[in-house]
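**Student:** These are the residues of each chain, in order.
There are 2 protein chains.
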Amino acid sequence: MDFIGNWTRTHDINKVSQDLDSQQVVLFGWVQDVRDLGGIRFIIMQDRTGTIQITILKKRVDPEVLQKSDLLQKRFSIAVMGTVKKTNMTPRGIEIIPTQIKLLNIAIEQLPIDITGKTPANIETRLDARALDLTAESTIAVFKIQHTALQAIRSFLFEKGYLEVHTPRIIASATEGGAELFGVKYFDQTAYLAQSPQLYKEQLTMSLEKIFEVGPFFRAEESHTRRHLSEFTSVDIEQAFANADDVMALLEQVIHHVCVTVKETCSNELHVLKYKFEVPELPFKRLTYTEVLESLKEHGVDIPWGEDIPTEAFRELGKLYPFFYFVTDWPSKAKTFYIKPRRENPEVCEGFDLMWRYIELVSGGTRIEHKEQLVCRMREKGLNPESFKYHLQAFDWGMPPHAGWAIGLERLTMVLSGRKNIRETTLYPRDRIRLTP
Amino acid sequence: MDFIGNWTRTHDINKVSQDLDSQQVVLFGWVQDVRDLGGIRFIIMQDRTGTIQITILKKRVDPEVLQKSDLLQKRFSIAVMGTVKKTNMTPRGIEIIPTQIKLLNIAIEQLPIDITGKTPANIETRLDARALDLTAESTIAVFKIQHTALQAIRSFLFEKGYLEVHTPRIIASATEGGAELFGVKYFDQTAYLAQSPQLYKEQLTMSLEKIFEVGPFFRAEESHTRRHLSEFTSVDIEQAFANADDVMALLEQVIHHVCVTVKETCSNELHVLKYKFEVPELPFKRLTYTEVLESLKEHGVDIPWGEDIPTEAFRELGKLYPFFYFVTDWPSKAKTFYIKPRRENPEVCEGFDLMWRYIELVSGGTRIEHKEQLVCRMREKGLNPESFKYHLQAFDWGMPPHAGWAIGLERLTMVLSGRKNIRETTLYPRDRIRLTP
Numbered sequence: 006m007d008f009i010g011n012w013t014r015t016h017d018i019n020k021v022s023q024d025l026d027s028q029q030v031v032l033f034g035w036v037q038d039v040r041d042l043g044g045i046r047f048i049i050m051q052d053r054t055g056t057i058q059i060t061i062l063k064k065r066v067d068p069e070v071l072q073k074s075d076l077l078q079k080r081f082s083i084a085v086m087g088t089v090k091k092t093n094m095t096p097r098g099i100e101i102i103p104t105q106i107k108l109l110n111i112a113i114e115q116l117p118i119d120i121t122g123k124t125p126a127n128i129e130t131r132l133d134a135r136a137l138d139l140t141a142e143s144t145i146a147v148f149k150i151q152h153t154a155l156q157a158i159r160s161f162l163f164e165k166g167y168l169e170v171h172t173p174r175i176i177a178s179a180t181e182g183g184a185e186l187f188g189v190k191y192f193d194q195t196a197y198l199a200q201s202p203q204l205y206k207e208q209l210t211m212s213l214e215k216i217f218e219v220g221p222f223f224r225a226e227e228s229h230t231r232r233h234l235s236e237f238t239s240v241d242i243e244q245a246f247a248n249a250d251d252v253m254a255l256l257e258q259v260i261h262h263v264c265v266t267v268k269e270t271c272s273n274e275l276h277v278l279k280y281k282f283e284v285p286e287l288p289f290k291r292l293t294y295t296e297v298l299e300s301l302k303e304h305g306v307d308i309p310w311g312e313d314i315p316t317e318a319f320r321e322l323g324k325l326y327p328f329f330y331f332v333t334d335w336p337s338k339a340k341t342f343y344i345k346p347r348r349e350n351p352e353v354c355e356g357f358d359l360m361w362r363y364i365e366l367v368s369g370g371t372r373i374e375h376k377e378q379l380v381c382r383m384r385e386k387g388l389n390p391e392s393f394k395y396h397l398q399a400f401d402w403g404m405p406p407h408a409g410w411a412i413g414l415e416r417l418t419m420v421l422s423g424r425k426n427i428r429e430t431t432l433y434p435r436d437r438i439r440l441t442p
Numbered sequence: 006m007d008f009i010g011n012w013t014r015t016h017d018i019n020k021v022s023q024d025l026d027s028q029q030v031v032l033f034g035w036v037q038d039v040r041d042l043g044g045i046r047f048i049i050m051q052d053r054t055g056t057i058q059i060t061i062l063k064k065r066v067d068p069e070v071l072q073k074s075d076l077l078q079k080r081f082s083i084a085v086m087g088t089v090k091k092t093n094m095t096p097r098g099i100e101i102i103p104t105q106i107k108l109l110n111i112a113i114e115q116l117p118i119d120i121t122g123k124t125p126a127n128i129e130t131r132l133d134a135r136a137l138d139l140t141a142e143s144t145i146a147v148f149k150i151q152h153t154a155l156q157a158i159r160s161f162l163f164e165k166g167y168l169e170v171h172t173p174r175i176i177a178s179a180t181e182g183g184a185e186l187f188g189v190k191y192f193d194q195t196a197y198l199a200q201s202p203q204l205y206k207e208q209l210t211m212s213l214e215k216i217f218e219v220g221p222f223f224r225a226e227e228s229h230t231r232r233h234l235s236e237f238t239s240v241d242i243e244q245a246f247a248n249a250d251d252v253m254a255l256l257e258q259v260i261h262h263v264c265v266t267v268k269e270t271c272s273n274e275l276h277v278l279k280y281k282f283e284v285p286e287l288p289f290k291r292l293t294y295t296e297v298l299e300s301l302k303e304h305g306v307d308i309p310w311g312e313d314i315p316t317e318a319f320r321e322l323g324k325l326y327p328f329f330y331f332v333t334d335w336p337s338k339a340k341t342f343y344i345k346p347r348r349e350n351p352e353v354c355e356g357f358d359l360m361w362r363y364i365e366l367v368s369g370g371t372r373i374e375h376k377e378q379l380v381c382r383m384r385e386k387g388l389n390p391e392s393f394k395y396h397l398q399a400f401d402w403g404m405p406p407h408a409g410w411a412i413g414l415e416r417l418t419m420v421l422s423g424r425k426n427i428r429e430t431t432l433y434p435r436d437r438i439r440l441t442p
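Protein chains in written order, with our numbering: chain A, 6 to 442; chain B, 6 to 442.
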């Protein structure tokens with residue numbers, strides 16, 4: 006095996022162009038494929054940015070390079086020093102004529118999936134060999150889009166004066182009251198993994214006022230759908246002196262900015278994924294829960310007022326509203342305890358969802374800021390205020406009116422990259438039950 | 006209680022200056038203090054950006070404003086509409102003459118800590134009322150510095166082409182082999198909370214090549230020092246085709262950039278904290294482990310070669326090197342299994358630490374990329390390769406040479422904000438055993 010030694014990569018593969026004709030380059034990457042045509046051998050070399058052809062004319066090449074190239078197999082890690090040459094024999098109009106090859110690491114001959122992408126594998130086979138699956142150009146594209154989207158959200162919130170924070174994942178009791186929690190043995194106590202930063206971020210509006218958090222959260226629901234993960238990444242904001250309308254306006258600007266940024270900077274990735282999307286117009290459509298029920302009824306789906314809207318009904322709705330839309334004015338009993346009921350009609354609350362077709366992308370709302378009302382709502386929901394006492398004491402210290410929302414980053418990635426299965430949008434999906442370290 | 010209604014905040018408090026003399030403003034925030042001097046009443050109003058004086062001349066003010074101001078106590082959340090007036094009676098040279106006050110929320114009379122900062126509380130009392138403690142100007146300053154530092158790291162890495170990723174927190178087995186893990190009940194299995202993204206980030210160098218992750222990680226060590234947390238935030242990078250020297254060069258640039266950025270953009274926060282630091286010069290000093298031992302021996306601390314360096318010895322060393330310095334060339338047996346032993350002398354490895362005085366700020370190194378060597382090192386460390394089989398299979402698929410490091414964000418915040426206790430640099434310290442909330 007060779008060592009990198011004093012070699013320095015001169016270019017990422019996608020940066021090698023006809024402009025570099027006759028110049029010497031040093032490339033680092035992997036063998037994606039080897040094609041031997043008798044007197045000539047083609048090595049398709051890959052890095053995270055793309056592929057390039059290394060052309061070996063057996064009679065003309067340095068014998069040491071030929072000898073080294075005899076060894077090469079798919080996924081061998083290599084470094085190539087060579088000259089860029091214009092050609093009309095490759096799609097990119099260039100090839101590399103190697104003067105030296107270093108073999109940095111080997112791979113087994115029988116790879117579990119086809120890395121050239123010619124024979125697509127099913128998602129289970131892909132996940133079994135995820136580290137290898139992640140080398141596929143289309144898989145890399147999904148995560149470049151995810152990275153770009155998150156960076157766009159961050160810079161937008163940063164510009165608007167939101168502070169990024171880090172709240173605990175190991176907590177003493179439920180946040181939402183409802184969802185299943187994973188138990189953790191915390192020294193001699195039992196604790197839980199946080200399902201959201203909700204209570205902490207509400208408390209932080211008392212001091213930092215405008216905050217956001219990005220990070221993993223946990224729901225102990227075995228996954229039966231293609232839209233759920235037991236470990237997911239949430240982008241949470243919370244803001245003092247704001248209500249649902251304020252944070253909905255912020256949210257649609259954020260989503261718009263993300264769409265513009267991804268469309269502009271990820272055109273190659275969208276091309277690889279064969280996916281196109283339109284940047285949505287502002288403002289997004291706003292439907293009340295009651296309007297949604299009426300709409301559904303017209304299309305033969307009858308949901309009693311007050312009930313949650315099942316996924317199948319949202320699928321119907323997704324056909325009627327095939328883009329981003331808000332659903333507002335939910336029944337108070339369908340939303341969690343901290344969502345504020347409307348003053349003029351407490352049956353209805355200031356909670357909202359942002360939908361994309363049938364996918365619930367974001368949940369948010371105005372929160373209750375008065376302690377008595379919050380305690381009352383906890384009791385209505387069958388929760389014991391005593392187990393929230395540490396949280397409730399913060400309401401004695403000047404809790405401001407506040408509102409916020411949480412975006413599921415993997416779901417947003419589904420929308421932006423056109424993936425139908427959420428497992429494709431998370432590097433190592435945790436919801437496959439079989440744990441993979 | 007009043008409602009915000011159609012009021013819109015016109016300014017953050019620190020943005021109100023003499024330039025706005027005679028103009029009307031709307032401010033949102035909290036009562037920090039009320040001082041009644043008979044015919045005149047001063048309300049010190051606070052938001053996340055600072056404080057301002059609201060001056061109420063009892064005989065001249067609108068009776069409704071006076072009446073409202075009679076109710077005000079510390080930490081009541083308020084909105085004030087009023088006129089900016091120049092004055093030489095306040096430190097900032099301005100005051101607000103209110104025309105209307107809205108009372109948005111109340112607080113209890115007996116606050117557990119003095120929010121004016123005049124009577125500092127000890128850290129335990131502060132943490133018991135953390136949501137309130139976080140309203141102190143000096144506490145806010147610490148987290149603004151942390152936010153700024155993280156943002157500086159991110160934008161630096163982003164510019165250099167690193168992709169931000171999210172790896173699992175619920176894992177099947179140990180990453181490092183050594184440290185204590187928190188157990189999680191994962192449906193019908195036992196799983197653990199990740200102590201680092203180490204194995205995943207190594208695997209990702211095969212595909213995404215240059216990656217970073219920021220997020221919570223967990224160590225089940227009861228905290229006995231002021232530098233440890235059982236839940237902490239790690240900033241991790243990993244890079245293909247790189248060795249320790251490459252990532253050390255990157256690291257010192259990152260730290261330098263962070264120091265410059267914090268110094269430039271957080272001068273107010275550093276002033277509040279009464280803390281000054283010098284931007285370090287590049288390159289940072291590099292000491293080998295052996296040099297460190299020699300240095301310590303000269304100062305009467307004798308450590309046998311091969312042993313880890315205890316905290317007390319680092320305290321001595323911190324006096325000799327009162328700034329950032331690298332410690333390189335550690336004994337292989339003192340570092341974890343995946344750190345690469347030097348080819349020319351395998352007793353010594355390519356692991357390094359970045360120290361700031363006595364604080365270990367960053368750990369990193371060149372990793373082993375060859376499967377046989379890695380398996381061999383696992384066995385030497387008493388680990389069972391079988392329990393790493395999912396990780397080891399990735400080494401059959403073309404693992405590139407790679408290196409990386411991990412910064413402890415809270416420790417970096419200690420260095421940048423001059424805090425001596427790590428609990429001050431994390432919003433809700435998890436290591437207090439008593440879980441909150």
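Treat the hints as calculated values from the structure; they're not laboratory data. Among the hints, a few may not be true.
Each pair may be met inside one copy or between any two copies, as identical chains are not told apart.
[Unchecked claim] In the DSS-like style, the derived pairs of lysine-lysine whose C-alpha atoms are separated by at most 30 Å in a straight line are:
(1) Lys376 - Lys338
(2) Lys190 - Lys394
(3) Lys281 - Lys394
(4) Lys90 - Lys324
(5) Lys394 - Lys279
(6) Lys376 - Lys123
**Student:** Checked against the structure, which of the hints given earlier come out wrong?
**Tutor:** 3, 4 and 5
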